[in-house]
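Chemist: One line per chain: the protein sequences are A and B, in this order. UniProt numbering puts the first sequence at residues 1 to 246. UniProt numbering puts the second sequence at residues 1 to 246.
Rather than coming from a laboratory, the hints here were simulated on the basis of the structure. Because the structure is a prediction, the values reported are computed rather than measured. It cannot be assumed that every hint is accurate.
Intra- or inter-copy, both count: the list cannot distinguish identical chains.
Unchecked claim - The calculated lysine-lysine pairs, modelled on DSS-like cross-linking and capped at a C-alpha distance of 27 angstroms, are:
1) K180 / K152
2) K170 / K156
3) K156 / K111
4) K18 / K229
5) K152 / K83
6) K230 / K170
7) K230 / K83
8) K152 / K164
9) K18 / K182
10) K192 / K83
2 protein chains.
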Amino acid sequence: MSRLPLFGFFRRMLGQDKAFRQAIATVTGRTPQNVRLYHLAFTHSSVVKQQGTEAGRNQSNERLEFLGDAVLGTVVAEYLFRKFPYEQEGFLTEMRSRIVNRESLNALALKLGLDKLVQLDPGQGRAARSRSVNGNALEALVGAVYLDQGYKAARKFVLSRLVKPYVDVKSLTETTANFKSKLIEWAQRHGKAIRYELNGEARPGGVMEFTASVVLDDEVVATGMGLSKKQAEQLAAERALTTLGV
Amino acid sequence: MSRLPLFGFFRRMLGQDKAFRQAIATVTGRTPQNVRLYHLAFTHSSVVKQQGTEAGRNQSNERLEFLGDAVLGTVVAEYLFRKFPYEQEGFLTEMRSRIVNRESLNALALKLGLDKLVQLDPGQGRAARSRSVNGNALEALVGAVYLDQGYKAARKFVLSRLVKPYVDVKSLTETTANFKSKLIEWAQRHGKAIRYELNGEARPGGVMEFTASVVLDDEVVATGMGLSKKQAEQLAAERALTTLGV
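All chains should be built: construct the whole structure from the sequences, respecting the hints.
Modeler: Structure, rendered in structure tokens:
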């Protein structure tokens with residue numbers, strides 16, 4: 001973090017830094033102190049890899065994402081712990097993964113307009129953007145707020161700018177209802193055969209990511225991803241129900 | 001958390017509460033404010049399940065463990081982020097999982113003497129204790145400190161009472177060296193056939209736990225567990241090297 005990528009330097013030369021600061025203040029609700037942290041949070045690895053140096057890779061938002069992921073997980077854990085005093089650990093874990101999963105973070109990032117702040121290598125823009133670029137930038141932003149403003153401020157940002165305005169906890173609770181059972185019922189009523197295709201892939205950091213597809217009479221009707229087989233299947237089942245108009 | 005288990009009530013009746021408070025102050029370095037949180041942190045589910053009520057299950061330390069696990073992960077993430085400014089996300093993730101894995105937490109809990117504070121159902125004492133009871137209680141304790149004293153105090157507890165005195169970060173860095181390669185070299189030198197047996201098990205919360213066994217000429221010489229195949233195999237390889245005196 002000792003040197004900014006040239007990119008940031010030129011951008012600042014061009015006088016865009018004030019606008020960037022203002023954008024951060026708008027998104028986070030606080031004036032940034034160390035603006036370099038926020039530049040880093042929005043620097044996708046494709047930008048620094050383009051510059052070709054190994055050292056440059058430390059200048060992307062991946063380290064901040066690692067930190068922000070942890071902070072986000074803690075804030076949401078406490079939020080759920082207090083909100084559901086009579087629910088058990090398994091429920092809290094499931095609810096948290098529904099709030100902070102990849103797809104949910106991508107959607108939250110778009111709601112905050114982070115896609116306009118993310119710096120990508122324009123050459124591979126689409127390919128890179130198609131993955132979890134925005135959600136990852138959101139995690140990195142939480143990490144930046146934590147380092148820049150402390151835990152309390154990061155907690156406030158997560159709760160007041162993400163969870164409370166955009167996460168419908170009540171409906172998430174209800175949707176923890178069993179989509180797989182609903183789908184089986186539907187299939188039985190309509191005389192269809194239903195099965196799941198599952199694939200697991202090890203991701204960096206020792207996490208398994210599962211992809212489940214709902215196959216209805218030999219046709220894939222929906223796919224879901226998650227960090228457990230159950231989660232992937234539930235998501236796939238939920239989407240299949242939507243697709244089928246159930 | 002609105003009612004204490006009867007157990008805690010009787011214990012307090014017997015005047016042991018002052019000793020408990022003192023033990024907590026010694027372990028955490030701070031006088032507890034809400035002592036019920038700490039009682040909860042040391043209440044294994046076997047004690048409350050014994051009482052037989054569904055509601056009672058919320059009175060065990062599992063919820064606090066969920067919260068403490070997140071807090072611990074965040075504190076260690078920040079610690080590593082600052083300590084290794086030029087290492088990438090993958091290194092930080094690997095190092096963190098080496099610090100906060102199940103076996104490491106169990107060992108840390110014993111060093112703090114938490115086994116003397118954990119309340120188990122004496123009927124199934126051994127069976128329960130053989131698992132991760134103490135490590136889980138340590139996570140729950142971190143959760144209790146967080147709720148009782150705030151993030152800064154929890155961070156200080158983790159860093160000054162756990163990481164700095166007991167975690168040899170330097171040696172952990174060195175041991176991220178490839179044990180599997182070393183083991184293969186050794187096997188080749190000694191004309192032995194080596195393979196790994198892998199089993200994965202889904203754990204509550206959507207996490208996969210892997211068990212790897214090193215099989216040397218059809219004999220299991222060591223076993224390791226981890227949250228990724230790689231981690232389990234590395235640990236198994238490390239232990240095999242120790243067993244073989246390499």
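Chemist: Does each hint fit the structure? Answer for all of them.
Modeler: Against the structure, the hints:
Within a single copy, K180 and K152 get their C-alpha atoms no closer than 39 angstroms, and across copies no closer than 42 angstroms, so neither meets the 27 angstroms cut-off. Within a single copy, K170 and K156 get their C-alpha atoms as close as 20 angstroms, which meets the 27 angstroms cut-off; across copies the closest is 35 angstroms, which misses it. When the C-alpha separation of K156 and K111 is checked against a cutoff of 27 angstroms, the pair qualifies only within one copy, where the shortest distance is 18 angstroms, while the shortest distance between copies is 35 angstroms. Within a single copy, K18 and K229 get their C-alpha atoms no closer than 46 angstroms, and across copies no closer than 47 angstroms, so neither meets the 27 angstroms cut-off.
Taking the shortest alpha-carbon separations for K152 and K83, both the intra-copy value of 18 angstroms and the inter-copy value of 22 angstroms come in at or below 27 angstroms. In this assembly of identical chains, K230 and K170 lie within 27 angstroms of each other by CA distance solely inside one copy; the values are 21 angstroms within and 38 angstroms between copies. Only within a single protomer do K230 and K83 lie at most 27 angstroms apart by alpha-carbon distance; the minimum there is 24 angstroms, versus 37 angstroms between protomers. Within a single copy, K152 and K164 get their C-alpha atoms as close as 16 angstroms, and across copies as close as 24 angstroms, so both meet the 27 angstroms cut-off.
In the homo-oligomer, the alpha carbons of K18 and K182 never lie at most 27 angstroms apart, since the shortest distance is 52 angstroms inside one protomer and 53 angstroms across protomers. Taking the closest pair of Cα atoms, K192 and K83 never come within 27 angstroms of each other, the shortest separation being 40 angstroms inside a single copy and 57 angstroms across copies.
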